[in-house]
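Please model the complete structure; the sequences and the hints are all you need to start from.
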Amino acid sequence: MAIQQVRQFPNDPTTMIPLSAYVFVSAVLFMTGLIGVLVRRNFIIVLMSVEIMLNAANINLVAFSHYLDSLAGQLAALFIIAIAAGEAAVGLAIIIVVFRGKMATNVDEINILKW
Amino acid sequence: MMTFDLNLSSSDLLLLMPEIFLTLWLCVVLCLDFSLKRITHQQLAYLSIGGLGMTGLMLVGFDVSGITGALFKNMFVLDHLALFFKILIVLATALVLFISIDYVRDFRFFRGEYYCMVVMSAIGMMFMASSNDLLSVFVTLEFSTFGFYVLVAYLRDDMRSSEAGLKFFILGVFAAGLLAYGISLVYGETGTLIFSEMAGNPGSYGLAIGFILIFAALGFKIGAVPFHSWIPDTYQGAPTPVTAFLSIAPKGAALAILIRMFYVALATFKPMWVILFVIASIVSMTYGNVVAIAQKNIKRLLAYSGIAQIGNVMIGLAAGTKQGSDAIMFYLLTYLFANLGAFAVIIAVGQFIKSDEIEDYNGLNRRSPFLAASMLLFLLSLAGVPPLAGFIGKLYLFVAAMEQELYTLLIVGLVNIVISMYYYLIVVKKMYINEPTDPTPIVASTPIKVAVCVGIVGTLVLGIYPGPFIDWAVNATLMFSNIVGPVAAIPISSPGG
Amino acid sequence: MMWLLFGYFATVSIVAGVLTVSLRNAVHCSLALLTLLLHMAGLFVLLNSEFLAMVQIIVYAGAILILYLFVLMLLSLKTEEQHLHKKYAFMVFGGMFIFVELLIFLLQSPFGGKKGEATPEVILQTDHSHAIGLTMFSDYLLLFEIVGIFLLGAVIGAIVLTKAPTKPENGHSTSTAIS
Amino acid sequence: MGDYALLIILFAPFLGATALVFIPRREELLVRLTAAVSSGIALLASFYIFFAYDTAKGGYQFVQRFSWSDELGIALYLGVDGIGGPLVFASAILLFAGVFVSWHIADRTKEFYIFLLILAAATIGVFMSLDLFFLYFFYEMSVLPMYLLLGMWGSHTKGYLSMTDPEGLKLRDSVGFIFNFGSNSKEYAAMKLTLFLSAGAVVALMGILLIYHFSGLHTFDIVVLREKAHFTGPLATVIWFLIFFGFASIAPIWPLHSWSPVGHAAAPAATSMLHAGVLMKLGHFSIIRVGYEILPETTREWIFVAAILCVFSIIYGGLVSYFAKDTKYVIGYSSSSHMGYIFLGMAALDYISLTGAVIYMFAHALATSMLFAMAGWVYDQTHSRDIPSLGGLVERMPFIAGAFIIGCMASIGMPGTVNFIAEVMIILGSWQKYPFQVVVAVFGIVLTLAYLFKMMRGLFYGQLDPHYAHTSDAKHWVDRMPLLLLIACSIILGIFPGHFLEVVGSTVAPMLERINHVAPLITQNTQGLLH
Amino acid sequence: MQEELQFGFPILSFLIFFPFLGALVIWGFKDLDLLKKATLGIAGLELLVSALMLLRFVPETAAMQFSEHASWIPPLGISYHLAVDGVSVLFVGLTAFLTVLLVLYAWDTVTTRQKEFYMSILALEATVMGIFASIDLIVFFVFWELMLIPSYFLIKLWGPGEHRQYAALKYVLYTLLGSVFMLVGFALLSLHHFDVKQVYSFDLLDLMSIPIPLGQQLLIFWFIFLGLAFKAPIVPFHSWLPDALTQGPIPMSVMLAGLKMGTYGFLRFSFPLLPDASRDSTVVGILMVLGLAAIVYGAIVAIIQPDFRRLLVFSSISHLGFVVIGMFALNFQGIQGSLITMINLGFSTAGLFFLAGFMWERLGHTDVRQCSGLAKKMPQLAIYFLIIGMASIGLPGTNGFIGEFLILLGAFQAWWVYGAIAVTGVIFAAAYFLWFYERAIFGPLKDTIPAAIKDLNTREWVIGLALSAMIFWIGIYPSPFLRMMNGSVQALVDRVSPGTTMAQQNMAHLTPDRYRN
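Chains as they are written, first to last, in this note's numbering: chain A, -13 to 101; chain B, 2 to 498; chain C, -9 to 169; chain D, 53 to 583; chain E, -6 to 510.
In short, the hints are calculated from the structure, not lab data. There may be inaccurate statements among the hints.
Now the stretches of chain A that chain B is said to cover, found in silico as 3 or more residues with beta-carbon under 8 Å [stated by the list, open to error]:
no.: 1; stretch: 7 to 19
no.: 2; stretch: 23 to 35
no.: 3; stretch: 58 to 64
no.: 4; stretch: 69 to 75
This one's a predicted model, so the numbers in the text were calculated from it and none came from an experiment. Even for Gly, the Cβ is constructed at its ideal location relative to N, Cα and C.
Spelled out as structure tokens, the structure:
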């Protein structure tokens, strides 16, 4: 239902949600992710925070794509999702390796090397 | 009306030939590894090197015969710049494979896959060198980097390696997040992802933030301060051939992107980003060199020296002229030989004494004069001592900066030469002046000797007769000749304007 | 109507995001992330990108997140006593400051890039998925292929890192990847 | 030979070094012979250019030019004038002598000769470069082998502070604290030397780059820059000072000298010889080549700085030499002091004094290297450089003692040696302009006399420590030949300086003509406006 | 004096370089006997040639003779310029003469490192020849300094004393120190020449042709004075002399005591170049005081010396006082007297040193207290002692009388007080020598004297005879010698005597020919 509505009145100023609203949401999410990366100690959650950052980028891309009438943004979002999937696989594999060796997933406990 | 067209002619495919060929070759090698039980990892290595060699020849052929072009709405360009960097990357990869052979012998399993991952990363970086839009940048960058995530953590039994891989990965994906967000902002501001279409766009905060984020992400790749924190740990923890690979190839590819991005997309904002690069360059050089002094591990030392070298490279970007980019490219070439050579020596020594501590290099000259002498050459080239390649590279960079009257940068750069001399000489001192605790001779294996010899020849030839190579770099960047001259004076437009 | 939907999706996304970052238990975090991803798909729908919304749900929520959950379960992490870097806590304030700045700047930005050709009318005519597909296999063909190799590499990488292979020495196969 | 003489001189040592790389280290005799042959070839060729230099024609001769990088405007442009020629000759002599002085080095002989040859070749390269880039190239290249030569074959110095000195004079302590703090190990010396010289080099490089950039000619060619480049105002001053202090640090002028005695003291004999003999002259030479040739007006305006600093060099170096107890410190500081004379000769901008300065460079090269060679011999025999603990060595080594005395005489400026001519010329030529400095210089000669004799007495006379009863003289021709060569050169040129003077004069005269008689730039500019 | 007479054969160069070459030639000799004969031959030939030169010398003229001129360091105007005139010609002959005697003396007294010894002697001869023959200041200076090397080795290596090394070093250092000042003086002269003529020159003849203001003359005078005074040595600068002469070997003592190079320098350079300074009353006063002090001091110290060689040292200092007095009397008699006295000392003081050497050979010491009644054992030695000693005292009929008489005459002419004080020196001289003679030669034979002691052998006898012959020749028939000097001395007197006007007034005709056009 909603889809049809949007399609029929895409640029109606009354129902149009301003672009800045999406930008706002994405910026908030991006910062959330950023802070998550910086403060969380658990690697898996750090990874999740990165996912949030990527999602924030996706919202932006899709929103711009919509407002600029260009498909490139959506394609970009699509590729970002694909890349994120691959990275998550590799990343989790690495975490497993580390866990096996060290039984820890915390940043602070990984300290053979000097930070 | 929107049109979708895909008319790839065979001549267009030709442009993609090197990458396609290498990918297919990679698959063949992979299949051989899986299917033939008796194939040794050395054979796989030489196969991969063979493939890289053919790719390299192909690239050289393209470069000589001027086969260039752009595909996919300018998203993939194969110009001389891209060819230069591709050749650089292929060369680096081949050398890395040479120095890996000895190292991989000690792996307990997945020897063949190691070469695949290396070559795969190389393919990613080759694409990076050609990518002309932000999305390609993102994809190819991640493509090449994920190979490194795996490679860095390849020594599964070695906690340091896993830990290095983890740190590298975390910071890598973090950079990816920044990059993605930056791309999105730039896209919003310009409506396009392709560099050449962005040129001339009026400035805005969104664009600025976007590009700063992208710069930060690429800064992670090249290891510029303040995005350098992964470098020392990763360099130290990773398998040494991987460290060698990391120390040159991704930097080259990322610099190709940086050059394209700043020279093409952002040419109008030169006054702004020049300041950015001047600061980054000064900080990187100084930080890298000063911290390197205190290092006890040779890989960490080279890591910090790498940070400083990137600072040097950014002098060229700060100049922001064609001469600057020429200097960067030539410098990378010199850096390739010196750095890979140095790592080859580290591997040879490390394989023998099972240590990378600088202390253990005491009296290397007595244990292996060849390795010590070549290490000496490489370190001095990194320090920038004539008649070695590094000197010409640095001089070229300084000349480029001088032409743009960046005196502060120049002075800092020159002072840093002296600082860097100090810690390189400390290593030299250990090798030559100190007496060895254990005088057993160190013997390097043939592949490593090959790599070291290539490094020596490259370092000497580039230092003594750099003319053709400089010409090569100069010819590769002919398209930037228009930005030589007075600094572009288009101011950033007012917000919202 | 639009505003309502937008408000809902946006609010829940943000709240879920904050929860992901701040919850103590990793499994709870991943569930919050799931919420975030699902509501994100809703936002995509609002932006006329049904295909993307589907991909978001299938790939992100369905595959990636499940992977996370698997790993979390596998590792059977205990809840941490201290889940935040104490020493990086000040970064939160710094981060907030930067965030406000960023927000102000971003909201001031025009984001008035060049208009493309894919107006809603065009997309209505061709159908969204169709348009996306055509674009992907024309202009983005190369990237698509690259991502293909990328995923192949990711598979190899994950195997190399985690799988304990048959040891050549004794021929015995070690049991599982994860001890 | 003819036109290719310079190439032969430059590349003979380089090729020798390359050949050495491929000679197995067991073949020590072959290694030594290779070094000797390559340096001998260089010596013969430099002999040729020294005597075949056409004094009537003057200017740069034996010119060879190979384009190197058109992009940057660099060419391998070789040529010698009346200043470079003699210095090339001196370098070749010292290299040849150095090869023989080091004949008995048994530890890593191959490496030693490789580095020695590279060092000498690089030094020679500076003296014949007519391209700023290559000037710097060879200059910097000469620094690094020093590091290794010092570090690997050098010797620890006890330092002149801690040497046998029951009284513990206050002056020495404070002097040492200020100017020579830190360790006395050879590593320290080597590092200090290298860093000082590199720092100097980059300062000079800055100046060179500024010349390159602001000349607007896009070339490093000294000949072209000399003709066409004009620098004015503060820029010229800045460039001049960068060039001056950059190169003066190797010379070394007074406040920048502290690396030099430490380095001398730690270095093996042949290295000290080359170091004190020619490496230090790179500084003076480069200041003349770059500063005097390209920035004549600025030189005229600012060269008095050298005249001021040289006073400190002379006095300080002399005093420290007098109090030092280590043979090599004495010789090292005496070199540092004597460099002041060269600066004085350069500063006066007078035909006689500048000619004297150039001859002094040559003369000092021979004299000091003689002393270093013999101090090295004494050290090799006794493993001590501590003057108070030595003594009476004349009984064991009469030849060395005799040669040492001649070396001292030459260093003092004994008539009959070429040093004498140089000293007289410097003193006479600078009297008009810098009478005070000349008085100081004369005092310096007296001081030189005092400390060299003090050292000589301490080494060779008095009671022979039975500990050193086993020491032996230089008996073999290999050991005597280098010393005799140096002595012979010094005396022959001292007695027949005619050609030498003409060679130097043919270059110095037009150079000074340019410096002293170029119209001030302000008028040039106004003329430009009028036309 | 400023004329130059050429001579077909470069006789002065020959005199300088022939011994050098000789030294090189004998380097190759293995056979010691042959070596000695060769050295004697070289020295003899040198003596012959110098005698020939003396015969060809044109007396009664101030002209520079046997002149040789070649460019050496053109930018500084230094040239290889050799010539002799009346002032220097006799020294050349004296040097050759003494060298022959030295070789004879050394024949079997020098037993160690004989080859080096004869080489050193020949080198010393060559450099001393150079000093007397060169009239370019720098060439002079070169030989002046070069002379140090052989003398250094002679003292150091063959000296009998325990402190010979100390003595050698002291000698060299003192002389070098002085010569630095002298060089400065020369340099100032040349600079002055540059100011006047815009070229540097170190040529005596060129420098004489330029006027120099008095103030500068004084400055230069004192610089040169220091150099010469150290060498001479004039009294407060003499402290190296006792060491060098007593620690060194006899041949060195003979050379140093016999050849008065320092005072020669005054006549050669100071007087002609700096006439105004030389006759300046302060300068003359100081020099006179120093000369008189030397006479008295030397004589008194000599009296109390128990050692004969030390006695000779101080007597030599005392005699040098006479020379100085004579020179600075600034009249014909004074200058001629001091010049002839310098020559005389070459026979008398040098001769006494030879005799001391003979004593040393036989006794191993020269201590007066240890010996007595030598005449009984060695009558020939006693005779020669008497002859040469009388010459040293200045007894009429010996050469010493001629010199001292002329000097005293000059001194009295200048100011009677000078003469009066100087006369005391003669008395003292008689006192110390006769006292010594009485104690050592006469008196009862002491048992410290070995019984087997022999009288002079033929070689020594020849030495003594040669010296005695010269002493009597000059003492009885001095006119050939005085004639040789007359011209030059007259020219010197013309230049410096207080009666003449400023030197520059004569400039026109003093200017040498080659500058006329």
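Hints, one by one, checked against the model:
no. : hint     : verdict
1   : 7 to 19  : holds (count 4)
2   : 23 to 35 : holds (count 4)
3   : 58 to 64 : holds (count 4)
4   : 69 to 75 : holds (count 3)
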